[in-house]
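2 protein chains.
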Amino acid sequence: MDLPFDDNFYMKKALQEAEIAFEKGEVPIGAVIVVDNRIIARAHNLTEQLTDVTAHAEMQAITAAANFLGGKYLQNCTMYVTLEPCQMCAGALYWSQISKIVYAAEDAQRGYNAMGTKLHPKTKVVGGVLEKEASDLLKRFFIERRNLN
Amino acid sequence: MDLPFDDNFYMKKALQEAEIAFEKGEVPIGAVIVVDNRIIARAHNLTEQLTDVTAHAEMQAITAAANFLGGKYLQNCTMYVTLEPCQMCAGALYWSQISKIVYAAEDAQRGYNAMGTKLHPKTKVVGGVLEKEASDLLKRFFIERRNLN
Numbered sequence: 001m002d003l004p005f006d007d008n009f010y011m012k013k014a015l016q017e018a019e020i021a022f023e024k025g026e027v028p029i030g031a032v033i034v035v036d037n038r039i040i041a042r043a044h045n046l047t048e049q050l051t052d053v054t055a056h057a058e059m060q061a062i063t064a065a066a067n068f069l070g071g072k073y074l075q076n077c078t079m080y081v082t083l084e085p086c087q088m089c090a091g092a093l094y095w096s097q098i099s100k101i102v103y104a105a106e107d108a109q110r111g112y113n114a115m116g117t118k119l120h121p122k123t124k125v126v127g128g129v130l131e132k133e134a135s136d137l138l139k140r141f142f143i144e145r146r147n148l149n
Numbered sequence: 001m002d003l004p005f006d007d008n009f010y011m012k013k014a015l016q017e018a019e020i021a022f023e024k025g026e027v028p029i030g031a032v033i034v035v036d037n038r039i040i041a042r043a044h045n046l047t048e049q050l051t052d053v054t055a056h057a058e059m060q061a062i063t064a065a066a067n068f069l070g071g072k073y074l075q076n077c078t079m080y081v082t083l084e085p086c087q088m089c090a091g092a093l094y095w096s097q098i099s100k101i102v103y104a105a106e107d108a109q110r111g112y113n114a115m116g117t118k119l120h121p122k123t124k125v126v127g128g129v130l131e132k133e134a135s136d137l138l139k140r141f142f143i144e145r146r147n148l149n
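Respectively, the protein sequence lines represent chains A and B.
Per full-length UniProt numbering, residue 1 is the first one in the first sequence, and the count goes up by one each step.
Per full-length UniProt numbering, residue 1 is the first one in the second sequence, and the count goes up by one each step.
These are computed hints drawn from the structure, not numbers from a lab.
One thing to keep in mind: the hints can contain errors.
A pair counts as met if it fits within one copy or between any two copies, since identical chains are not told apart.
Below 30 Å or equal to it, Euclidean Cα-Cα: the simulated DSS-like pairs (lysine-lysine) are [as the list claims (entries may be wrong)]:
#1 Lys122 to Lys139
#2 Lys24 to Lys13
#3 Lys118 to Lys139
#4 Lys118 to Lys132
#5 Lys13 to Lys100
#6 Lys13 to Lys132
#7 Lys122 to Lys13
#8 Lys118 to Lys100
All values reported here derive from a predicted model rather than from experimental measurement.
Kindly produce the complete structure, drawing on both the sequences and the hints.
Structure representation (C-alpha cells):
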C-alpha cells in the first residue's frame, strides 16, 4: 500500500497523464506540478494533436502552474515527469526556478543530462522514481507503432 | 537603401516586433519566421503579460509557423530573432528541424552557445545581423527600467 503524498504517489498521477497521451496516439509522457502536497497542474504530451514540437507535457504544465499561481516563478513547486526532460523543457524549467524535479525514466539520447543543459542552481533533481512503469509504457507504445507500420 | 528579401530586411521585421515588446514593458526581443521570402509568423516576448517563462518570442513564432504550415517541422524555414536564443528556445528549434537561424545580438551569459545547447544537424546559423540595433534597444530598455526603480 502506498502512503499518500510521497514521490511514488505523485509519479503515479504523472503516469496517468502519460496513459491519456498513449490513448491519443501521442508519445506517452505525462507531468504534474505539486505545491504543498497539492497538484496545481497536470499535462501530457500533445505534439501530434497540436502539430507543435513545443507541446511537451512539461511545457504545458509550467504554463498551467504559472497561471494557477498568478506568477511566473515556480518556487516551492515540484514537477513529477515520467521521462527525463529534454533541452527545451530543462531550459524552461531553468527560467521557472522550480524547486525540485522528479523524473521516472532516463532519456540517454535526448535527455538534458546527456545534452548538457543547465538547470537553475536552486533546483534539486531526483531520477528513477517508478522508472520501470514509465519505460514499459514508452516501450509498449513504440512496439505498437512499429506493428502498425 | 536595402534590397528587399535579404537578411537585413527580415531582421528589421523582427526588430519591429521587439519594439512592440518594448512598448508593452517586456524585454524587447522579437522574431519572425520566413519561408520562400514570405513571413509566416511574427512574435515578441510576452513573459510578463502572460506571466509565463515559456512565452519567449521564438517559442510563440515556432507554434505560429507550425499552425500556418499545418505540420510541426519547420524545414525550409528561417527564423530571424533579435537576440541569440536561450537553451529553451534552441531546444525547441532543435525539435523543429528548422533550416536556418539568423540572430542579431549575442547573449554571452544565457545564449545557447555559452550554455552548450545542441541545434539540429540540419540547421545553419548566422549571427550578428543588425546586432547594434538589437543590442541598443535592449540596453535602452534596461536603462529605462533601472531609472524607474
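Run the structure past the numbered hints and jot down the numbers of the failing ones, going up. Nothing - there is no hint that the structure violates, so all of them hold.
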